[in-house]
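Make the full structure from the sequences, and use the hints.
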Amino acid sequence: MAETTGDLESDSQTSGDMVRTARTFADRMAARRSIRHFSPRPVPLEVVEEAIRAAATAPSGANLQPWRFVVVTDAARKRRLREAAEAEEREFYARRASAQWLEALAPIGTDWHKPFLEVAPVVIVVFEVHQGPRTPKPYYVKESVGIAVGVLITALHHAGLATLTHTPSPMRFLNEVCERPPEERPYLVMPVGYPAPDATVPDLVRKPLPEVLIRR
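Each residue of the sequence shown is one higher than the last, beginning at 1 in the UniProt record's numbering.
Please keep in mind that the hints were generated in silico from the structure rather than gathered at the bench.
Everything numeric in this text was worked out from a predicted model, so none of it was measured.
Beta carbons are placed, not taken as given, at the ideal position from N, Cα and C, and that holds for glycine.
Certain hints may be false.
[Claimed, not checked] Distance windows between CB atoms, simulated: (1) Pro115 x Tyr140: 31 to 37 Å; (2) Thr110 x Val19: 34 to 40 Å; (3) Trp112 x Glu49: 27 to 33 Å; (4) Pro115 x Ser15: 46 to 52 Å; (5) Thr165 x Glu3: 31 to 37 Å; (6) Pro197 x Val47: 19 to 25 Å; (7) Ser12 x Glu49: 29 to 35 Å; (8) Gln100 x Arg134: 41 to 47 Å; (9) Lys137 x Lys207: 34 to 40 Å.
Following this line, the structure appears as structure tokens:
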């Protein structure tokens with residue numbers, strides 16, 4: 001049964017109101033930065049759950065919603081996650097990464113050490129859900145999960161929490177750490193929390209709007 005969305009452009013909201021709302025939101029998101037230095041201070045788990053609820057509203061291929069969000073707060077499990085991720089990252093920085101890739105990463109200042117996976121009070125591990133004994137064949141999985149993660153990052157920032165998208169490669173160890181079935185494939189890892197008091201971020205510049213917006 002179809003449902004109506006109502007009048008999207010309400011009479012009570014003028015074009016000027018809409019522009020101001022969009023500009024305020026864009027300004028807030030422009031202040032978002034990826035954080036690698038987290039405070040261990042606990043965060044309200046209900047905030048994380050509501051952010052995931054927002055992420056789960058993302059559009060998906062055939063509305064099959066091929067995502068799973070595993071919220072890890074147990075200290076021992078976070079330690080296992082960090083140890084396994086650092087083992088893969090050591091290989092990446094020492095042998096797998098090309099010189100060009102390492103050069104691109106240099107301004108960010110990353111290496112194989114990933115303490116944030118243990119220090120951050122919450123780590124969200126996002127999985128793609130593929131066809132399995134209890135799941136139908138999904139469509140546009142990576143695109144769907146990517147959109148959902150974008151909503152999740154936005155919701156967490158809007159609520160006042162810092163995040164980081166971390167993608168160790170390969171990531172299959174996450175199935176074992178998170179006790180997930182093989183039809184669920186790791187997509188990325190997101191530590192979530194408050195920035196450490198002495199947290200710093202690279203002095204990076206985002207591309208100006210005229211460089212990314214094309215009018216036709």
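Exercise. Look at the Cβ atoms of Thr110 and Val19 and judge whether their distance stays inside 34 to 40 Å.
Key: 38 Å, holds
Quiz item: Does the Cβ pair Pro115, Tyr140 satisfy 31 to 37 Å?
Solution: 35 Å, holds
Practice problem: Take a look at whether the Cβ-Cβ distance between Pro115 and Ser15 falls inside 46 to 52 Å. | Solution: 48 Å, holds
Quiz prompt | Supplied distance hint 29 to 35 Å, evaluated on CB atoms of Ser12 and Glu49 | solution = Hint holds: Cβ distance 31 Å, inside 29 to 35 Å.
Practice problem: Using the Cβ atoms, figure out if Trp112 sits within 27 to 33 Å of Glu49. | Solution: 32 Å, holds
Quiz item: Honestly, do Thr165 and Glu3 meet the 31 to 37 Å range at C-beta?
Solution: 33 Å, holds
Practice problem: State, for the Cβ atoms of Gln100 and Arg134, whether the hinted interval 41 to 47 Å holds or is violated. | Solution: At roughly 42 Å between Cβ atoms, Arg134 and Gln100 fall inside 41 to 47 Å, so the hint holds.
Quiz item: Should the hint that Pro197 and Val47 are 19 to 25 Å apart at their CB atoms be regarded as holding?
Solution: At 20 Å between Cβs, range holds.
Self-check item: Lys137 paired with Lys207, Cβ distance criterion 34 to 40 Å
Solution: The hint (34 to 40 Å, Cβ to Cβ) holds, given that Lys137 and Lys207 are roughly 37 Å apart.
Of the numbered hints given earlier, the model fails none.
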